[in-house]
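**Q** Sequence:
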Amino acid sequence: MVELTKAQRAHLAADVCRRLSSCVPWGRKLRWAPELNIQAKTYPTVNLFAEVKPSARGVEELREGEYVDSDGGRFRYALRLHRRGQPLETWWGRKTGTVIFDGDIEIPILFERKGPGQPFRTFPWMSLTPAELLTLRPGTRLAKGKVVIAGLGLAHQLIEVGKRRAVTEITVVERSRELVELIMPRAMAVLAEHGREQVRVAGGDAFALLPKLEADVALVDVFPAYGDNREAMAKLRGQCKKIKRMWDWGASDLL
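So in UniProt numbering, spot 42 of the sequence shown is number 42, and the numbers just go up one at a time.
Just so you know, these hints were derived from the structure itself, not from any lab.
One thing to keep in mind: the hints can contain errors.
Claimed, not checked - The calculated DSSO-like cross-link candidates involving lysine-lysine, where the alpha carbons are at most 30 Å apart (straight line), are:
(1) Lys41 - Lys163
(2) Lys212 - Lys244
(3) Lys95 - Lys29
(4) Lys41 - Lys29
(5) Lys144 - Lys235
(6) Lys146 - Lys163
(7) Lys144 - Lys29
(8) Lys144 - Lys242
(9) Lys244 - Lys29
(10) Lys146 - Lys41
(11) Lys212 - Lys235
(12) Lys212 - Lys163
(13) Lys146 - Lys235
(14) Lys212 - Lys144
(15) Lys146 - Lys212
(16) Lys163 - Lys144
(17) Lys242 - Lys146
(18) Lys242 - Lys212
(19) Lys241 - Lys212
(20) Lys163 - Lys242
(21) Lys53 - Lys144
(22) Lys95 - Lys235
(23) Lys41 - Lys95
(24) Lys53 - Lys41
(25) Lys241 - Lys163
(26) Lys163 - Lys244
(27) Lys163 - Lys29
(28) Lys244 - Lys146
(29) Lys241 - Lys144
(30) Lys146 - Lys29
(31) Lys53 - Lys163
(32) Lys114 - Lys53
Stated by the list, open to error - Derived Cβ-Cβ restraints for the label pairs, each shown as a range:
(33) Arg63 - Pro25: 31 to 37 Å
(34) Glu89 - Phe49: 21 to 27 Å
(35) Arg63 - Arg28: 35 to 41 Å
(36) Gly85 - Lys53: 21 to 27 Å
(37) Leu4 - Thr122: 23 to 29 Å
(38) Pro25 - Ala50: 21 to 27 Å
(39) Gln8 - Pro185: 48 to 54 Å
(40) Ala50 - Glu181: 15 to 21 Å
Computed from a prediction, not measured in an experiment: that's the story for all the values here.
In this text, a Cβ means the ideal position worked out from N, Cα and C, and glycines have one as well.
Assemble the whole structure, with the sequences as input and the hints as a guide.
**A** Below, the structure is given as C-alpha cells:
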C-alpha cells in the first residue's frame, strides 16, 4: 500500500470538491468523457426489485433483504450502494476514465455463481454503471420496427427499446431460462407502465437462433467482454439474411 503525503491528500480532496461542484444532469445528450461529474438525482437506473435494500457489502456478505436469488441459485440480484464523491471507472472502447456523483446512488447489479454449489464470482456478471448505459445507448437509438434483443442481462436495453414508439415488435433471445424467470416478470411490469404489453421470448443460443429470425434491427449483447467481437459479428451477419441491421455491444470500440 502506498501512503500519500499530506500535500497529495490535500490535492485529491480539492480535486473531488472541484468535481462535486461541477456536476451536471444525466441526459440523452450526455457524451462519454474521461471525466464525468453527474447529479445523482438524475441517474436513470431502474430497480426491478423494490423490496431489495441497497448495500455496499460484497456478494457473499449480503444479508437477508439485500438480494434476490434465482430459483436455481445461479444468479443473485442486488443493489450496490455507491457513495457520493467516490470515483467509479468508466470506459469507451479502449479509453478509460472516472465518474463521480454528488450524492449516493443505487446501482442494480447481477452476480453469477462459478458453478453449481460454488460461491458467486466477485466480479459482477452485469451492473448498470454509467459505462454500461453509455455503451448500450447507441444500439438502443437504432431500434425501430421489429427488434431482436440478444442477451437479456438486467433488461435495461429491453426497457429502453420498449419505450420507443418506432418499435412495433420485440423478441428477446436468451439461453438461460433461469435468468428469464428471474428478470422478465419484473421487466414486463416496468414496460407495462409505458404501454408495452407484449414481448416474445425465444430460449436458446443467439448464434443458433438469430439466423432463423426476421427483424429490422438486432441488438446483440451476448459477449463475455466488451469489444473485440468483430470476427464473430462478421460471421453472424453473414448468416442473418433476414435481419436488416445488426449492432453489438462493443461496437463503440470501432468509433
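**Q** For the pair supplied as a hint, Lys146 and Lys212, confirm whether the alpha-carbon distance does not exceed 30 Å.
**A** holds, 14 Å
**Q** Run the distance test for Lys146 versus Lys41: straight-line Cα separation, threshold 30 Å.
**A** Not OK: Lys146 and Lys41 at ~33 Å, beyond 30 Å, violated.
**Q** Please check whether Pro25 and Ala50 have a Cβ separation lying inside 21 to 27 Å.
**A** holds, 24 Å
**Q** For a C-alpha distance cap of 30 Å, please report whether Lys146 and Lys235 respect it.
**A** holds, 22 Å
**Q** Range hint 15 to 21 Å: satisfied by the CB atoms of Ala50 and Glu181?
**A** Because 18 Å falls inside the window, the suggested range holds.
**Q** Could you grab the alpha-carbon distance between Lys146 and Lys163 and see if it respects the 30 Å cut-off?
**A** holds, 14 Å
**Q** Given the hint that Lys241 pairs with Lys144, test it: the Cα-Cα distance must not exceed 30 Å.
**A** holds, 18 Å
**Q** Look at the Cβ atoms of Leu4 and Thr122 and judge whether their distance stays inside 23 to 29 Å.
**A** Holds, since Leu4 and Thr122 (Cβ atoms, about 26 Å apart) stay within the stated range.
**Q** Holds or violated: Lys41 and Lys29, Cα atoms, limit 30 Å.
**A** holds, 17 Å
**Q** Next pair to validate is Lys242 with Lys212; report whether the Cα-Cα distance is within 30 Å.
**A** holds, 8 Å
**Q** Starting from Lys163, check that the Cα of Lys29 is at most 30 Å away, please.
**A** Holds, at roughly 17 Å.
**Q** Taking only the CA atoms, is the gap from Lys241 to Lys163 under or equal to 30 Å?
**A** Answer holds: Lys241 to Lys163 is near 27 Å, not above 30 Å.
Checked against the numbered hints above, the structure violates hints 10, 21; every other hint is satisfied.
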